[in-house]
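**Student:** Work from the hints to combine the two standalone chains into their complex.
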Amino acid sequence: MKPSHETLVALIIHEYQSLVEVGMMAEPDTPLSADTSLDLATGAISSLGLIQFVVQLEKALEENLRLRIDLSSSQVLAATPNPFQNIGSLASYILSQHP
Amino acid sequence: MSARGSLRIYATFTADPLANLLRREWSGESFEFSVAPFNGVAQLYDAPAPEAGEREREFLLVWVDPAFVVADWETKPIEPADLAAFRQLLHQQSGHYHAIFVPTLAPLSLRHESLLTQFSPKSGRRYRIQKLNTLLAEVIAEMPNVYLLDYSAWVAGDESYVAKTWYLARQPFHLDVFRRAARDLSTALRFLTGNVKKVVVTDLDNTLWGGEVGEVGLDGIRLGAPDPVGEAFVDVQHQLKAWQEAGIALAVCSKNNAAAALAAIRDHPEMVLREDDFVSLQINWRDKAANIQQIARDLNVGLDSIIFLDDQPAERDLVRSLLPNVVVPDLPKDPCDLPLALRSIRELQVLDATTEDREKTRLFQMETQRTQLRQSYHSVSAWKESLQLRVAFEPLTETTLERAAQLLNKTNQMNLRTRRMGPAQLWKFSREPGVEAYTIRVTDRFGDYGLTGLLCVRCEGPTCNIEDLLLSCRVLGRGVEERLATFIRETWPRSALHFCFRATEKNKVCETFLAEHFAVPPTPVDHPNDLG
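As you go down the protein sequences, you meet chains Z and F in turn.
The opening residue of the first sequence carries number 759 in our numbering; numbering runs sequentially from there.
The opening residue of the second sequence carries number 1156 in our numbering; numbering runs sequentially from there.
Bear in mind the hints are in silico, worked out from the structure with no lab data behind them.
Glycine included, each C-beta is placed from N, C-alpha and C at the ideal position.
Some hints here could point you the wrong way.
Pairs of lysine to aspartate or glutamate residues, derived as DMTMM-like cross-links and limited to a Cα-Cα distance of at most 20 Å, are as follows [what the hints assert, rightly or not]: (1) 1319(F) - 764(Z); (2) 1286(F) - 1187(F); (3) 817(Z) - 1220(F).
For the chain F half of the interface with chain Z, some residues (derived, Cβ under 10 Å), not all of them [said to hold, decoys possible]: (4) 1169; (5) 1179; (6) 1182; (7) 1310; (8) 1313; (9) 1315; (10) 1334; (11) 1335.
With the rest of the complex left out, here is chain F (with noise of 0.2 Å):
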């Protein structure tokens, strides 16, 4: 079996022990981790690119000391031209993979720091690293599928440094170093490979508010100042908001009395989230795990995509051994400790949005009304025809670029071949000779799903290569498959069809897709489907 992806480590100094602990994290995935030769990092300069069908899945991490970027930084200013080298590798060694990780600028090499002069502009060397780290952003800001990583989060002080390791063996840091980088690098690769999360759920009581609300009333629960347990379940609520806004949907699933949860939600004047922040409101006394499908089933969303926040380790406990594929993080007794602990759940860690996702909620909310109304019909096909749906086929466009690429990296099941790629490298690939790139936007009478698809087409003489074709998945179910067919019949109508399938372990529903409409049978993996 081929890997599933690879991270390529090329550093300054020893890095074997984090590539150790990787392949420790992700034993038993199809995912390799190496290391380039000690101080082999200046290679990159001449590094051929990766073998085509590789890069789509490969990474790199660049962890460098300031000396490697601008060598006489100790002594002289720092100018944005000093960086000029390491941007040309990045930008260089951006197009050859799916993303690269630098992490910011910090010596290995412990020297004195004056306590009162290390941020002089004059001689501070703290400050001359600060604006390294500046000066970096603002060159790998320039590149979208390159990203600038903390350090500092991994280090704390001097008991970091291992200064025998360093001597013996070029190791500056203490294990936990590269503990904290690992576990920081997991989460990004993770998410970068299609592993990401659309939906918390909640419970009400002792989770969003302290207290049981059905007990002690909309007055008697704990939420706001001056009680510091009220003031911690208020920045719980403003966590779980920056979520929101972030493109999580929220849903809350609690064992409760409905009329007096609802009236907390609806009235009390403490309240950071109120109804309209959730796409889903499950209250009532069936079991947590029956209501947390139904809210899957409701937002057309897989089990894997969601994560559920419950005060009760009996409560998550069903949850875990019912749906192994939630995510269900345990939470503190204290609720004191409640927002440091969302704050530090890996899975939500690297959200990033964009416009479509800040709309999330309001999408999700859309597609509740269409599970509702599609259960007041008796056949699928008039629930499809009175959705009165309009499905739009137009060339990818700069505008449209980041959505697009974001969709081709979280897309697992209506997906062709599975092929990652970040804005930059679908740019290059859409302006390739004979290579046209569609988005699929698609509406119906409750709204504007957005954004929804893409498809990639190579065109060489009398064959057209299906390169890229993917539906997410909240669009699956209500015609817009058979849309996406009939524009491919009618847009290459006298064209050889050849559909680059490649078979994962969830693209199942494209595989039936080609067999439904275009008869192309289930091949082996990496092998394109011909259709004549």
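This is chain Z alone, in the form it adopts within the complex (with noise of 0.2 Å):
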């Protein structure tokens, strides 16, 4: 069954939040939600983190919802609109990417 775009934001927050625990992601301002940029150039993530980010929440996909996606490919990363511009967006994107 389809997840819906709400149980897919938890999930994205969930793998944010746990980044955040070791350190790989700084402690946000305001509470994680779908609003939460993950776009590079607000200097928020690193590379490193947002790597980490990408291969960590492509593993919880699979595990939990049984998607496969590869979200670090180059046609994900020029993909118009960004789908990292914020979890709202990557939920949306991984959506569209499983009708």
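**Tutor:** Quick look at the structure:
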């Protein structure tokens, strides 16, 4: 069954938070939500942090929702609109890849 | 405020997650963690030494792929000479840093390994890695401030490797590997920066044996085979015995019927620990916090050097709340899990005994006798007189070097500037022109306290800089400070004395000593005191 947008946002937040807890992501100023930015240009996330996040999220998607997706390919990174704008846009992109 | 210390990480892969985890664990403490640029470990061959003032508290981690040590390790037999360049690198850096950590070698990329021939001396990768690590251990053994850490304790099979982060970012490990590495490094760093535990205070019922001896008597407690729970408690006692042999003093704190408990300790055939193994036995109905404070007073140790073991969560909570400096680990409910839980107490995983450590129990037992004697005298001066104190100042030798370096790194209270140096650094310093280094040995009517102090002085013309001055807390307050002051005055009678005092959170005792004996006023951190 296709997961809801809310379920995906919750899963992404969970993975993000787990990296905050090990110091791989900066502690956010506001509670994590669909609006939390994933844009490297903001400086809140390092490139290594984003890679770690993407790899961890791919694994969580497969294990929890049986969704297989490659989020680190050049196609994803070049997609318009940018899937990594924020947590909500990433959830929307994942859903769009699993109609 | 300057950092208490720092760890610089050099690796042949992306090691930033390790630094992040360490920063998180040490948040709020003035310790810095940094990572050299990716694959910058080769720079260590040419790296300049850290600034002189910094290196005393600087640590280095060198975590490399086997190919960095021996480029063609997979294709040709490994000889000791193959490690010459890496040995040179470590040797050079060991003079610059307080300590260096090197994880054992393991390939960072997964390649085929035959199930049947991986340990074949001809071609087995595992065989070669094992040989490399054996040779590395021999190389490192020559350098007393370089420590080989067991990388295999951080990995759990292929699940510990994440191929995608390796290909994307040259980061080969699951974060759990870094978590375990950070845990071990933190434990080692805390130990090497002076956070040393000295006493384990243990409960009796359901901690050293099963059951309540006051209820079931000597014959009813569970201790020894064939009862599996009894066997677990024997292993618990063996663990405590091993700590004791590595220099930890053992004490008992138990709400119990003293006669029944002592009968079990003295007469139960399966007891590993006997009365003589304990430096203090507080078996009574007082609250345990009060008993632990009594033990600390009797042994002349700080509460922060004590670990308390008790099976009862309520007793653990009481001690945690009343004595927050005492380490109180949680213990499992099932006695069969106790031996492993004890083995996992981080503060005790770093023990490495010197001869003096192995005699700690005897030394602490003498201290208890002294304290009891003190209570029988009406004046402190009469008690000091009765001790028949003898204090010997002897030049530092290679024989006393290890113990002297250990003291330098453990002593916090009576320590002029809390400068930390490994044996190699201390020896090098003591051989510098104008430097005189003395060890201080104390004995009294109860016996030998052992080597309990260090004095390092650098004389240049009419000036003598007292660079290191430290005494173990167990000889304070009984006349040794007065003898030390007299020795300094009589040995350099015509010199202008400069005390390189550096105030810390813990060395108020030293500040008081300087004020009382040399009229040195308190001064800001990192500025030597002058005394004409």
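**Student:** Would the hint on residue 1182(F) be counted as holding, given a Cβ-Cβ threshold of 10 Å to chain Z?
**Tutor:** holds (9 Å)
**Student:** Holds or violated: are the alpha carbons of residue 1319(F) and residue 764(Z) at most 20 Å from each other?
**Tutor:** Given that 20 Å is the threshold and the Cα spacing comes to 27 Å, the pair is violated.
**Student:** Let's test the interface hint: is any C-beta of chain Z closer than 10 Å to that of residue 1310(F)?
**Tutor:** Violated. Min distance 17 Å.
**Student:** A closest beta-carbon separation below 10 Å is what the hint needs, so does residue 1179(F) meet it against chain Z?
**Tutor:** holds (4 Å)
**Student:** Once the shortest beta carbon distance from residue 1169(F) to chain Z is found, is it less than 10 Å?
**Tutor:** holds (6 Å)
**Student:** Checking hints one by one. Is residue 1335(F) an interface residue toward chain Z, by the C-beta closer than 10 Å rule?
**Tutor:** violated (12 Å)
**Student:** Is the hinted pair residue 1286(F) and residue 1187(F) satisfied, with a Cα-Cα distance of at most 20 Å?
**Tutor:** Violated, at about 35 Å.
**Student:** Does residue 817(Z) pair with residue 1220(F) here, judged by a C-alpha cut-off of 20 Å?
**Tutor:** violated (27 Å)
**Student:** Take the shortest C-beta to C-beta distance between residue 1315(F) and chain Z; is it under 10 Å?
**Tutor:** Hint violated; residue 1315(F) Cβ to chain Z Cβ min 14 Å, cut 10 Å.
**Student:** Holds or violated: is there a CB of chain Z closer than 10 Å to the CB of residue 1313(F)?
**Tutor:** violated (14 Å)
**Student:** Quick check on the hint: residue 1334(F) CB to chain Z CB, less than 10 Å?
**Tutor:** With a minimum Cβ separation of about 7 Å from chain Z (threshold 10 Å), the hint on residue 1334(F) holds.
Hint check: violations occur at hints 1, 2, 3, 7, 8, 9, 11; the rest are consistent with the structure.
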